[in-house]
Every structure is written in C-alpha cells, then in structure tokens.
Amino acid sequence: LHMAPFDPIVAVAIVWIAVAVLLVVRVLAAHWLIWRSIHRDILDTDPVVTSSAVTAPVAWGILRPRVLLPANQRHWQAHQLDIVIAHEMRHVTGRDCMWQFIAQVATALYWFHPFAWRLLSQLRDETEFYCDEVLLALGYKPSAYAETLLAFANVTSRFDRLCPVTVAVARRTTIGRRI
Numbered sequence: 001l002h003m004a005p006f007d008p009i010v011a012v013a014i015v016w017i018a019v020a021v022l023l024v025v026r027v028l029a030a031h032w033l034i035w036r037s038i039h040r041d042i043l044d045t046d047p048v049v050t051s052s053a054v055t056a057p058v059a060w061g062i063l064r065p066r067v068l069l070p071a072n073q074r075h076w077q078a079h080q081l082d083i084v085i086a087h088e089m090r091h092v093t094g095r096d097c098m099w100q101f102i103a104q105v106a107t108a109l110y111w112f113h114p115f116a117w118r119l120l121s122q123l124r125d126e127t128e129f130y131c132d133e134v135l136l137a138l139g140y141k142p143s144a145y146a147e148t149l150l151a152f153a154n155v156t157s158r159f160d161r162l163c164p165v166t167v168a169v170a171r172r173t174t175i176g177r178r179i
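For the record, in the sequence shown the residue sitting at position 149 is 149 according to the numbering used here, with numbers rising by one throughout.
No wet-lab data here; the hints were simulated from the structure.
The hints are all genuine.
Okay, derived cross-link-like pairs now, SDA-like style, lysine to any residue, Cα gap no bigger than 20 Å in a straight line:
#1 K141 with I85
#2 K141 with L81
#3 K141 with F152
#4 K141 with Q77
#5 K141 with A78
#6 K141 with R177
#7 K141 with F129
#8 K141 with M89
#9 K141 with A153
#10 K141 with H79
#11 K141 with Q80
#12 K141 with R178
#13 K141 with D82
#14 K141 with A86
#15 K141 with Y130
#16 K141 with A151
#17 K141 with W76
Now the in silico label distances, taken between C-beta atoms and shown as ranges:
#18 K141 with V12: 49 to 57 Å
#19 S143 with F112: 43 to 51 Å
#20 H79 with V25: 36 to 44 Å
#21 V134 with D46: 17 to 25 Å
#22 A4 with P114: 28 to 36 Å
#23 P47 with V105: 22 to 30 Å
#24 L150 with I9: 50 to 58 Å
#25 Q73 with V25: 25 to 33 Å
#26 P142 with P47: 24 to 32 Å
We put the beta carbon where it would ideally sit given N, CA and C, even for glycine.
Generate coordinates for the entire structure from the input sequences, incorporating the hints supplied.
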C-alpha cells in the first residue's frame, strides 16, 4: 500500500471544517431542543407563550420569533410582567434572534478568529442596551426597570447553558452596565 504524503493544508482544512460543523450543529440542536420542549405550548400565532419548559423570560425563534415566559410568571408583579413582555417583544420586533443566529453561524465559520467571538458577544450586549434605551424612551420608570432587571439577573434559561440561542431580559454579565 502506498500512503499519500501528509499535507498540512488538508489537515488544517479538515480541522476547520470539523469544528465549524460541530458549532453549527450545536446551535441547530439547541434550537431543536427548545422547539421540542415548547411546541405543545405554542398556540397559533400568539407571540407570547407560557411554558413550564422555560425558567426565565426569553425571546426565541428565527422565522417566527416569540416571547417565552415561565409558568411562574403568574406570580410576578404586574409592572414587572409588563416590562418583561415589552422588553422581549422589542427583541421579537427587531428580529434579534435571527441576527443572533446569523452571527452564530458566522462565528462557527470563523471560529479560529478571536474577533468573531468578541463580535458575537458584543452583538448580544448591544441588543440588550438598545432594548433598554427603547423602553426607557417609551416612558418606563428607570427605577422600576432596574428593579426588574435585578429580579431576573440570577435567573438563567436552562437552554442557554447548552448554547445561547435565546435573548434573555437580564444576563449577569451585563447587568452592572445596564443599570
């Protein structure tokens, strides 16, 4: 048997493709897992879905984005629920989940470049800052808004631990800069 000589360019290409495919599969698997967990709770075209499968309020969905609320939202104060829904609906109307998905695929393709990961993180942060600005400009009281952010800062979506494919109302990593 005659073996072809080792070609480092082919080896690098194989590694690049393998990692990129794994990262894209991770994103798609996370979306599928969420869909599988909540599809029974989705009624027609209602943009707000309550589900026991989610633990934190989030926006989710690429083609038909929705606000996902945990079942315990019935125990929230009315002004907190209003702020959360308004915030997450801003993500829905801005198609933030679609842009996050595109950025995640781009990051998967350029996984070797640290700037790609930084841009993905920056996109997540900037969408949150923008939603904050919009809601405050609409007249939401800054102290009530900050209180709501703090109330949800320690509540994480179990789906984000697998792969961050949702847009949450509050993340611990940005809460200090947002308040």
